[in-house]
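Undergrad: Single-letter residue listing:
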Amino acid sequence: MQPDKKTGLHFNTFKLQVFLVLLLACVSVAALMTGQLRIHPYEVVKIILSGIFHIEKTWSPTLESVLFDVRLPRLIAGILVGAGLSVSGASFQGLFRNPLVSPHILGVSAGAGLGAALAILFFSKIYIVQLFSFLFGLLAVLMTYSLSRVYRTTPVLMLVLSGMIVGALFSAGTSLLKYIADPVNQMPSIVFWMLGSLNNASNKDLIIAGPVMLGGIVVLLLIRWRINLLAMGEEEARSLGVETGRIRAVIIFCATVISASAVSISGIIGWIGLVIPHIGRILVGPDNKKLLPVVTLIGAIYLVIVDTIARTAIESEIPIGVLTAIAGAPIFAYLLRKNRSGW
Amino acid sequence: MKIKITACTVIFIIFFMPFASEAAAKRDSFRTITDMTGRKVEIPVSLSRVALFGGPTGQIAYILGARKQLCAVTVAIRGSDLILAFDPSIRELPAPRSTSGHVNIEELLAANPQLVIAGTFDGTIVEKKTNIPVAYTESNMDHGIDLLKREIRFYADVFQKQSRADKYIDYLDKTISFIKSRTKDIPRSKRKVIFNGYGPNHLVTLGGDTFMHERIETAGCVDAASTINSTGIQEGLHSGLIEISMEKVLGWNPDILVIDTGDPDEIYKNPKWKNIRAVQDKKVYKQPVGVFIWDRPTAEAAVLHPLWLAKTVYPERFKDINLVKEVQRFYKEIMGFNLSREMAEAVIAGRLGIRFVGNSGKK
Numbered sequence: 001m002q003p004d005k006k007t008g009l010h011f012n013t014f015k016l017q018v019f020l021v022l023l024l025a026c027v028s029v030a031a032l033m034t035g036q037l038r039i040h041p042y043e044v045v046k047i048i049l050s051g052i053f054h055i056e057k058t059w060s061p062t063l064e065s066v067l068f069d070v071r072l073p074r075l076i077a078g079i080l081v082g083a084g085l086s087v088s089g090a091s092f093q094g095l096f097r098n099p100l101v102s103p104h105i106l107g108v109s110a111g112a113g114l115g116a117a118l119a120i121l122f123f124s125k126i127y128i129v130q131l132f133s134f135l136f137g138l139l140a141v142l143m144t145y146s147l148s149r150v151y152r153t154t155p156v157l158m159l160v161l162s163g164m165i166v167g168a169l170f171s172a173g174t175s176l177l178k179y180i181a182d183p184v185n186q187m188p189s190i191v192f193w194m195l196g197s198l199n200n201a202s203n204k205d206l207i208i209a210g211p212v213m214l215g216g217i218v219v220l221l222l223i224r225w226r227i228n229l230l231a232m233g234e235e236e237a238r239s240l241g242v243e244t245g246r247i248r249a250v251i252i253f254c255a256t257v258i259s260a261s262a263v264s265i266s267g268i269i270g271w272i273g274l275v276i277p278h279i280g281r282i283l284v285g286p287d288n289k290k291l292l293p294v295v296t297l298i299g300a301i302y303l304v305i306v307d308t309i310a311r312t313a314i315e316s317e318i319p320i321g322v323l324t325a326i327a328g329a330p331i332f333a334y335l336l337r338k339n340r341s342g343w
Numbered sequence: 001m002k003i004k005i006t007a008c009t010v011i012f013i014i015f016f017m018p019f020a021s022e023a024a025a026k027r028d029s030f031r032t033i034t035d036m037t038g039r040k041v042e043i044p045v046s047l048s049r050v051a052l053f054g055g056p057t058g059q060i061a062y063i064l065g066a067r068k069q070l071c072a073v074t075v076a077i078r079g080s081d082l083i084l085a086f087d088p089s090i091r092e093l094p095a096p097r098s099t100s101g102h103v104n105i106e107e108l109l110a111a112n113p114q115l116v117i118a119g120t121f122d123g124t125i126v127e128k129k130t131n132i133p134v135a136y137t138e139s140n141m142d143h144g145i146d147l148l149k150r151e152i153r154f155y156a157d158v159f160q161k162q163s164r165a166d167k168y169i170d171y172l173d174k175t176i177s178f179i180k181s182r183t184k185d186i187p188r189s190k191r192k193v194i195f196n197g198y199g200p201n202h203l204v205t206l207g208g209d210t211f212m213h214e215r216i217e218t219a220g221c222v223d224a225a226s227t228i229n230s231t232g233i234q235e236g237l238h239s240g241l242i243e244i245s246m247e248k249v250l251g252w253n254p255d256i257l258v259i260d261t262g263d264p265d266e267i268y269k270n271p272k273w274k275n276i277r278a279v280q281d282k283k284v285y286k287q288p289v290g291v292f293i294w295d296r297p298t299a300e301a302a303v304l305h306p307l308w309l310a311k312t313v314y315p316e317r318f319k320d321i322n323l324v325k326e327v328q329r330f331y332k333e334i335m336g337f338n339l340s341r342e343m344a345e346a347v348i349a350g351r352l353g354i355r356f357v358g359n360s361g362k363k
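From first to last, the protein sequence lines stand for chains H and D.
Note that the first sequence covers residues 1 to 343 in the working numbering.
Note that the second sequence covers residues 1 to 363 in the working numbering.
The set of hints was computed from the structure by calculation and includes no laboratory data.
Some clues are possibly wrong.
To be verified - Label-pair distances were calculated between CB atoms; the ranges are:
(1) H:H40 to D:T34: 34 to 40 Å
(2) D:R277 to H:S146: 36 to 42 Å
(3) H:A327 to D:H102: 32 to 38 Å
Claimed, not checked - Calculated lysine-lysine pairs in the DSSO-like style (CA-CA distance at most 27 Å, straight line):
(4) D:K319 to D:K332
(5) D:K269 to H:K57
(6) H:K204 to D:K282
(7) H:K57 to D:K282
(8) D:K149 to D:K190
(9) D:K274 to H:K204
(10) D:K180 to D:K167
(11) D:K184 to D:K174
(12) H:K125 to D:K283
(13) H:K204 to D:K283
(14) H:K125 to D:K282
From the three backbone atoms N, C-alpha and C, an ideal C-beta is built for every residue, glycine too.
For reference, chain H alone in the conformation it holds in the complex (with noise of 0.2 Å):
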């Protein structure tokens, strides 16, 4: 658990950091040029610029939309969310001081999917889906968290056990409302928005949504080495004098809020949480202080690549979910092959 320097490819994490940051600056441009309409690399500058400054308009209106009701939100979206999934993702894996966890692991997007078939079921209005989405993905990690304090003396434990419990209670809620879903439109619609798509992106929920997600990642970031504290286990972090447990509900408040807005925003999105902190710690150990700026980059790059995919490789739109698992894997994989890093 330990910050180990045998292990890693250990790059110099601040050169690798500008390299990440060009690098999603590149992508992102890329995505905005690209889509299923042909909008001429320079007209998509020009339109882009015109946003900032007063450039004579000579493209249709409906150019205009496709990059700034479409296009934008869409990369914004991935960015955010991407980097999200993935700073919980890290944060959770040293909180919990177990590879295998996932920013899903308190029950978040089972709440989540349970509270937007609600919606999909009774209102199916988009927007109503998005809150109620984020309330019952809320509502079920403070489920957990309330369940995990009956039993105190192994609260990690605990955690992970109360979030299969209420998971398994949500995600049961959830098959029984599609089982009584109408099969002709609203079960469909259950089940595209459970495979996650970031189709449904737009200005307004950014709005909404953008700054809560940008300030549970800027407040993970900060307290990252904070999180080096808690891997090292329980007794010795208190032995230090740190106060584990409202370090603990701090990361799981952030990592919460962070995942619960994305799961609004994009449907369930897998895979990015559990694999991309594994990536970074491949190209820069295990030491969260170095860790979770690289993670967030690339998850955002990874994203943002993977969307890009998703809404241009055919003509109908991919489902993000089947898309970050084939992508993933075989990097995975490979990079596991590459470098036997400890996690």
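Take the given structure of chain H and dock chain D to it, following the hints.
TA: Relative to the frame of chain H, chain D by itself:
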């Protein structure tokens, strides 16, 4: 001794008589039909207990006048507002099949059907678990008018109601050729582009390889999604439905947008849709719902959906057509339902629902 032999004979006769007579009866009162997949199925001549599993085709019984021969139906038909208004007794029938792949075998056995008519998926389940004969329908989402006619004829053969089938097919052919006669001279460049945007995000649609393409063409419109292929895809349980990106819709810039969830006002207010021509021209429509929703390959929708579409898109070409009256006429002549004016208007406005369990009339 003698008594013993007599007793034995009597016992023998008592035991075996019923079997002999039953075997004889079996030879006489059974006939062989060919189902839609080409399989031969033995069914009783006097067919009085049939279980219908094919989702949208539940209405077939009314079209053929074979309602009394049903012993089990689907949840969808049992919950249809329109059916319940004219045949409340349908509520009493069991519905062993809820959604595709979910068949309650005990409920089916209790209904004691002589024949189950189902799609491949549900039919296989029934055949594997029971001895009830199964006739398979061929139902898929590229289900054009030709396949629909084949299906009607198949059901007519099962229920022995050929004349009713002819009546429906005649009605269908006449309606389609009438619509085409009014729309065929619209030049390609003047035809309106239509996009069906389903689901809460209005981005789920039926591809150009589905039955919908044929209906849009009949109505003299251009199918925005004609390059999308979706029949093979089983995402979200319904083959034929597929999600596309908003960018695609912006690119097609449809003149007409048809939705099945929410209401047009909600789209008029959504900034994401403001540059779509259909939204600027206030040409967003909610899709009608009759016995079943009209964006499925059902018998009612095959007749009425293209007519509604044509009248909605080109009102000047169909001035003499009163849609309410046409809806009333179809249900009266074909299904024997006397729809009131209000009810026909509710069908056209998409206000009717299909009540599934736990979803009391919400739509």
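Undergrad: Are the hints correct? Go through all of them and say.
TA: Each hint tested on the structure:
no.	hint	in the structure
1	H:H40 to D:T34: 34 to 40 Å	violated, 59 Å
2	D:R277 to H:S146: 36 to 42 Å	violated, 53 Å
3	H:A327 to D:H102: 32 to 38 Å	holds, 34 Å
4	D:K319 to D:K332	holds, 22 Å
5	D:K269 to H:K57	holds, 24 Å
6	H:K204 to D:K282	holds, 23 Å
7	H:K57 to D:K282	holds, 25 Å
8	D:K149 to D:K190	violated, 31 Å
9	D:K274 to H:K204	holds, 14 Å
10	D:K180 to D:K167	holds, 20 Å
11	D:K184 to D:K174	holds, 15 Å
12	H:K125 to D:K283	holds, 20 Å
13	H:K204 to D:K283	holds, 24 Å
14	H:K125 to D:K282	holds, 20 Å
The structure fails hints 1, 2 and 8 (numbered hints given earlier, in ascending order).
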